[in-house]
Every structure is written in structure tokens, then in C-alpha cells.
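Got chain A sorted already, so can you dock chain B onto it with the hints?
2 protein chains.
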Amino acid sequence: MKLRGIVAGNLRRLRMAKGLSQEEVAHLAGLDRNYVGNLEREQNSPTVDTLERIAAVLEAPAVELFREP
Amino acid sequence: MKLRGIVAGNLRRLRMAKGLSQEEVAHLAGLDRNYVGNLEREQNSPTVDTLERIAAVLEAPAVELFREP
Numbered sequence: 001m002k003l004r005g006i007v008a009g010n011l012r013r014l015r016m017a018k019g020l021s022q023e024e025v026a027h028l029a030g031l032d033r034n035y036v037g038n039l040e041r042e043q044n045s046p047t048v049d050t051l052e053r054i055a056a057v058l059e060a061p062a063v064e065l066f067r068e069p
Numbered sequence: 001m002k003l004r005g006i007v008a009g010n011l012r013r014l015r016m017a018k019g020l021s022q023e024e025v026a027h028l029a030g031l032d033r034n035y036v037g038n039l040e041r042e043q044n045s046p047t048v049d050t051l052e053r054i055a056a057v058l059e060a061p062a063v064e065l066f067r068e069p
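Protein chains in written order, with our numbering: chain A, 1 to 69; chain B, 1 to 69.
For reference, chain A alone in the conformation it holds in the complex:
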């Protein structure tokens, strides 16, 4: 499985577990409101810094975004 796909799936899982919308996560992480949706559709290749900010919003260790399902 491509790493983008792993990140997309984990991002969606962690986001929904927190009961947050894509726009709420994007806003809290200081990102464009469509960016989280693009990540969940594997349309972008996010940087380490961006994913660290998203993990902080989701209150999850960053490594959780990279675990194989």
C-alpha cells in the first residue's frame, strides 16, 4: 500500500474518532480548508511538518499516521 494511502486512512480514522470535520482539522492545524480532504483522497504528498501539526490537532503520536492498517 502506498504511504499516501496509509496516511489517508489513518488520518480519516483518527479524525472521525475525535468527531472532527475535515474543515475543523484544517482550521485547527492552520491549513487551507480543503487540504485535509485532499490528503484523505491521496491527492497531496504532505510534509513531515504539516503531518506533525495535524497529529497534534488529533492528539495522536505522529507515528500513528504511518502505521499499516
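Hints in this document: simulated from the structure, not taken from any laboratory. Hints may be right or wrong, so weigh each one.
It does not matter which identical chain is used: a pair holds within one copy or between any two.
[Stated by the list, open to error] In silico SDA-like pairs for lysine to any residue, Cα to Cα no more than 20 angstroms straight-line:
(1) LYS2 with ARG67
(2) LYS2 with THR50
(3) LYS2 with ALA56
(4) LYS2 with GLU42
(5) LYS2 with THR47
(6) LYS2 with LEU28
(7) LYS2 with GLY30
(8) LYS18 with GLU40
(9) LYS18 with TYR35
This is chain B only, laid out in the frame that chain A set:
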């Protein structure tokens, strides 16, 4: 520990375990010859796609780059 630092440490550890130089990893991953050195000095924020290519060169699951030491 910042995610850049975690990636830098794991990259160096995995690279040395394979007995590869920074330039060899950069070449095999199709990156600028100085890029891997920059990553190990936490000077860049690499993308998911770039780290996937580096993990493939190091013959390690990508998640290994993100594990806390």
C-alpha cells in the same frame, strides 16, 4: 521530540545499518546528493512521497522512519 528529529535519527540509523553513504541513498532514491545530509541535520521537511522512496532504498517499512527512538 520534533518529527523532523525522529525521522533524522531513524534515517541515519537505517542508512548506516545498510552500510550506505548519504550520497548513495540520495542517488538510489533519485534525490539531490546533499538532500539526505540535510534531512539528517533536520534542515528540510520531506514529503511522504520522498520518504517512501528513501524507505524503499533502505529496504525498511516507511513507518520505521517515524518511530520514536
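Check: When no copy is specified for LYS2 and ARG67, does a C-alpha distance of 20 angstroms or less occur within a copy, between copies, both, or neither?
Finding: both (12 angstroms within a copy, 18 angstroms between copies)
Next item on the list: Since the copies are identical, ignore which copy is meant and state whether LYS18 and TYR35 lie within 20 angstroms (CA to CA) inside a copy, between copies, both or neither.
Entry: within (18 angstroms within a copy, 36 angstroms between copies)
Note to self: Cα distance capped at 20 angstroms. Does LYS2 pair with ALA56 within a copy, between copies, both, or neither?
What the structure shows: between (23 angstroms within a copy, 11 angstroms between copies)
Next item on the list: Have a look at LYS2 and GLY30 and pick one of within, between, both or neither, based on CA distance no larger than 20 angstroms.
Entry: Result: close only across copies, 18 angstroms inter versus 26 angstroms intra.
Item checked: Homomeric proximity label, LYS2 with GLU42: Cα distance no greater than 20 angstroms -> within (9 angstroms within a copy, 24 angstroms between copies)
Check: Between copies, within a copy, both or neither: which fits LYS2 and THR47 at Cα up to 20 angstroms?
Finding: Answer is both: 15 angstroms inside a copy and 13 angstroms across each meet the 20 angstroms cutoff.
Note to self: At most 20 angstroms between alpha carbons: which applies to LYS2 and LEU28, within, between, both or neither?
What the structure shows: Result: close only across copies, 19 angstroms inter versus 27 angstroms intra.
Note to self: Treating 20 angstroms as the Cα threshold, decide for LYS2 and THR50: within, between, both or neither.
What the structure shows: Classified as both: same-chain Cα gap 18 angstroms, cross-chain 12 angstroms, threshold 20 angstroms.
Note to self: Reference check for the pair LYS18 and GLU40, CA-CA at most 20 angstroms: within, between, both, or neither?
What the structure shows: Answer is within: at 16 angstroms inside a copy they meet the 20 angstroms cutoff, but 33 angstroms across does not.
Going down the numbered hints, you'll see the structure goes against none, and every one checks out.
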